[in-house]
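> Please build the complete structure, drawing on both the sequences and the hints.
Residue numbers (our numbering), protein chains in the order written: chain A, 1 to 437; chain B, 1 to 442.
Just so you know, the hints here were simulated from the structure itself, not pulled from any lab data.
Cβ atoms here follow ideal geometry from the backbone N, Cα and C, with glycine treated the same way.
Treat the hints loosely; a few may be bogus.
[Unchecked claim] List time: in silico DSSO-like cross-link candidates among lysine-lysine, alpha-carbon distance up to 27 Å:
| # | chain 1 | residue 1 | chain 2 | residue 2 |
| --- | --- | --- | --- | --- |
| 1 | B | 73 | B | 373 |
| 2 | A | 62 | A | 175 |
| 3 | A | 175 | A | 221 |
| 4 | B | 180 | A | 402 |
| 5 | B | 215 | B | 202 |
| 6 | A | 402 | B | 215 |
| 7 | A | 231 | A | 214 |
| 8 | B | 296 | A | 108 |
| 9 | B | 52 | B | 371 |
| 10 | A | 221 | A | 207 |
| 11 | B | 364 | B | 156 |
| 12 | B | 296 | B | 180 |
| 13 | A | 175 | A | 294 |
| 14 | B | 390 | A | 327 |
| 15 | A | 378 | A | 437 |
| 16 | A | 108 | A | 175 |
| 17 | A | 274 | A | 203 |
| 18 | A | 437 | B | 373 |
| 19 | A | 187 | A | 228 |
| 20 | A | 437 | B | 263 |
| 21 | B | 73 | A | 320 |
| 22 | A | 76 | A | 175 |
| 23 | A | 203 | A | 187 |
| 24 | A | 187 | B | 296 |
| 25 | B | 390 | A | 320 |
| 26 | B | 52 | B | 218 |
| 27 | A | 214 | A | 175 |
| 28 | A | 402 | B | 390 |
| 29 | A | 108 | A | 53 |
| 30 | B | 263 | B | 364 |
[Stated by the list, open to error] To list a few chain B residues with every Cβ distance to chain A over 12 Å, as calculated:
| # | residue |
| --- | --- |
| 31 | 32 |
| 32 | 208 |
| 33 | 274 |
One-letter residues, chain by chain:
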Amino acid sequence: MKILMISIYKTLLLCFFLCLATFGLSQMVEKSTAGPFLLKNGTIHTITNGIVKGDLLIEGMKIKSIGTNLESDEAKILDCTDLHIYPGMIDGGTTLGLSEISSISLTKDYNEPGDFTPHMEALTAVNPNSVNIPVTRTNGVTTVLSVPSGGLFPGRAALIHLHGYTPQQMFAGFKSHVLKFPSSGKKHRWDRRKPEEIKKDYKDQQKKLNDFWKSAVQFSKIDSAANKQGKILNSYNPQLASLSDVVKGEAPLIIDVNKKDDILVAIDFVTRNKIQAIFSGVSEGYLIADSLVKYDIPVIVGPILSLPSRTSDRFDVAYKNAGELLKAGVKLCIKTNENENVRNLPFNAGFAANYGMGTDEAMKAITINAAEIFGLEKEIGSLENGKKANLYICDGDPFEMKTSITHLFINGFNVPIENRHTLLHDEFLERSPGLQK
Amino acid sequence: MFMIYKIFAFCLLYFCSHSIVAQEAILIKNATLLTITDGVKEDTDILLKNGKIESIGENLSYGGATEIDATGKFVMPGIVDAHSHVGIDAVNEATNPVTAEVFVGDAINPYQVAIYRALAGGVTVSHAMHGSANAIGGQCETMKHRYGALNPAALKMEGAPRTIKFALGENPMRVHGENKKVAPASRMGMEQTFRRAFAEAKIYTSEMEAFKAGKSKKAPLYSLRSETLMDIINGDIIIHCHSYRADEILMLMKVLEDYGIEKICFQHVNEGFKIAPELAAFGAYASVFSDWWAYKFEVYYSTAYNAAILTRNGVITSINSDDRELMRHLYHEASKTQRYGNLTDNEALRLITINPAIQLGIEKRVGSLEKGKDADVVIFEGHPLSIYCKPIMTIVDGVICFDYVNDPSDMRLDIDPSEELPAFYEQDHDHEDSCMEGVHLH
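Put into C-alpha cells, the structure is as follows:
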C-alpha cells in the first residue's frame, strides 16, 4: 500500500514537472548556432593589445584571426560597423547554476551541513538549464565561478562558461577549494550574539580550522608515503583526501575573508602553511593593501554595490575598495556574489571604474585579470588569435546602462540574445487581447 | 555613573553633530537642470530660499546667498523612494492578518546612518513602510531626510497624505497560514481576509453612527482598526500594496471596486506587466524593482522590462528600493530601464522623482524643479543616468544634508559607548529581508 502511495505521489510529481516543462516551452530561448563567423569592420577591444578596427574570424570554438580585410568562404558574415567587440566578462564569485529560487531550499545546491565538506564538487550540481543562465549571459557575462558555501570548507568551486548541455561542456578548466575564514565580526545586521559569544565562536572556529588543517597535512603525508610504497590507504576519508593538493601547495584555495583583522590572520595562516591563496570578498582590503602586495595574494573583490560594513565607514568605501587595492598594486578581479542578478557584473565594475579604478582597469579586472587569477590567461579574458571565442558585441560602452548588447558568442557558438525577461517583454508589451474579454 | 557618561556623550554629540543649520539662500549657478516637468535647461541658475525653490532662470543673483558653481554639472529634483524601511525601528506587527491600527510613525529613529547614506545617493524623501507580514499591515510614514534633526517628529513630511501597507501572496500566507494555521493560507483566503475586514469596518461604522445619532443606546467598543479601515473606504488613506502575481492583484482591484476604493499603488508588482491594461484602466499605480526577481517562487516569472512595459501601457510607475543598499543608487536603478525597455532619459528619471511623488500624493511639493516647490535638489557630476555619475551634493528644504567634498567620513549621529566590538557585518545583502524584518517564523 505504502509503495503504491509513493508511486502515485511520484507520478503526480512527474506530472507537475511535466506541466511546468510545457509551460516553460513558450519561454525557451532559441537554439545557438555554430560557426564559422566573420565579424566585419568592428571596433575590437582586445584588452591585451589595445583597440583595433577590423575583422574577427571565429572558427570552431576559437578566435581564428583578428585583422583587416579577413575573408572566409564558409563563414557567416556579421557587419559590425559602429559596433564594439569585447571579450566575455568573468565573474569571480556567484552561485549561478547552483540555485534556482533562493527561498525554496530544495532548489539550492550550494550548501551541505557541517563545517568540513571540502569533498563537495560545485560542478556536480551545476544545472545547465537554469533559467538564470540566459538572463546572465545576455549582458555579456560569459564565464562565472560557481561557489559552494556553508561551514568552513564548503567544497570546490568551479569556473563555468554559460553555454552547454552538461556541466562538463560548461566547465572552463579551473576549480578551487573554498575556505570561509573564521570571522571576528557580526554576521549581519540582525546578528544578536553578545560580544563574548562572538569572541568565543571566533576562537572555536579558529581552533576547528587549525585542527582540521593539521589532520589534512598529516593525512597528505601518510597518503604520499603510502603512494610511494605503492600502497593504498584502506580508510575512506574524502574530506581530508580532497584537500591533499591544497595542503601541499599544489592547488589553489579561495579564502573568503573581509574584516581587516581577519585578513591579517588569514595572511599569517597562508604564509605559515605555504598555501596558494586567493582571497575573496576582502571588503576591508583597502586598509591592509600593502600586506596583500607583500605576500603576493590576488583577490576577488566584491560585491562593489555593497553597504559599508561598519556604521562609521564612509558611505562609498565599497565602491572605492577595488580602486585603492589596484593603486597599491594588488592583482584583482570582481565578483557579484549573485545568482539571478549576476547580470549586474558590468555595473559593479562600472561603479568601481567611476570610484577610482578607471574604465580600462575595471574592464581588465573582469576579463584578463580574472583569467590570470584562475590560471587561464592563455585561453580566455582577451581577444587574441587562438583564444576561446567568448565575446559579445554592443553599441557602446558596456558599463553604460544605455548600451545594448547585440550579439553574443560563447565557445564559438552564436547565442541568441534571449532569455525569460526578453521573451516576457515580447509577449506582454502590447498584450493581445488587451482589455477585451 | 554610566548613565552620566551617556548623558554627557549625548550632549557632546548634540552640539558637535552636523545639526541643521538653514542657510538663508543657496544660489546654484550655470547648471544643467533636469526639471522633469519642464524639460532640460542648460546654463541655468536655480535659487533656493526659505526651504523653497524661489526661482529658476538665467543670470540670477541674490545678495547674501551661498553661491555654488555648477558649471558642467547636472541638477535634478531630490529622489523619492516610494518603498523603504529606513528610519524606523519597528517594521512588522506580525500578530494578526489585519493591523490597520498600528503606525510606523511611532517608531521613527532619526539617528540611523542609513538616512545619511540615502542622502549620499540623492534620496531626499522616502516612504517608510510597515512590513509585509499581514494582509492589512500598519500605516506608513512619508519622511523627509532631514538628517541631523534629533527629534523623530522632525522627519515626518508635514501634510503628506496618510498611507497604509497591504500585502498579498507568500509573506502573509507564510506568517499566518503556514506558521499560525489561520487564514490567509492561500490566495483564496487573502481575498476573504480583505472582505471581512472591510465588512466589519462598515458594520462598526453604522453602529457608531447610530449611537452618535441617538438611534442606539449602546456604542460599539472603540476600534482604531475599524476607524482606519473606514478612512480607507472613504478615500482618506492611499493603499500601498505589496504584491507580485497578476491573479492576486486582479483580486484586490475587484475587492476595492466593490467598496468604491480608488487610491492604490501596487508595490513590487513583479507581474504587473501581465495586467498592465487592467492596472491602467483602474488607475492603479505601480512601484517596482528595477531587476529583482527569482528570490522566491512568486517572482520567478518576472522581467526587468516591467517598468518599461507598465510605462508604455500608461501606468504611473516608479522604481523603489525596499533596501538600504539599493536605496543609495536609485538613479542607477532607473537607468536600467534604458537597457531593459529603451525608456527616454526623462521617462527614466520620472520613475524616481515625480511618479513616486504622485504615488505618495506629494507631487505638488516635490518630484520636479518648479518654482514654489520644496528646495529638495541633488547636484550630480555627470548625467544621473550614466554609470560615470556621482551625486555630490544633496539639499533638503534648502539645507545641505550631503556634501561629497566636505563631509567627514564618519557621519553617525549616535555612537554606542558601551559597544565592545566595533560593529562589522560580514554580509548585509539579502533580498526581501527588510520587508519581513521583525518576523520570527517557527
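> List, from low to high, the hint numbers that the structure doesn't satisfy.
4, 6, 15, 18, 19, 22, 26, 29 and 33
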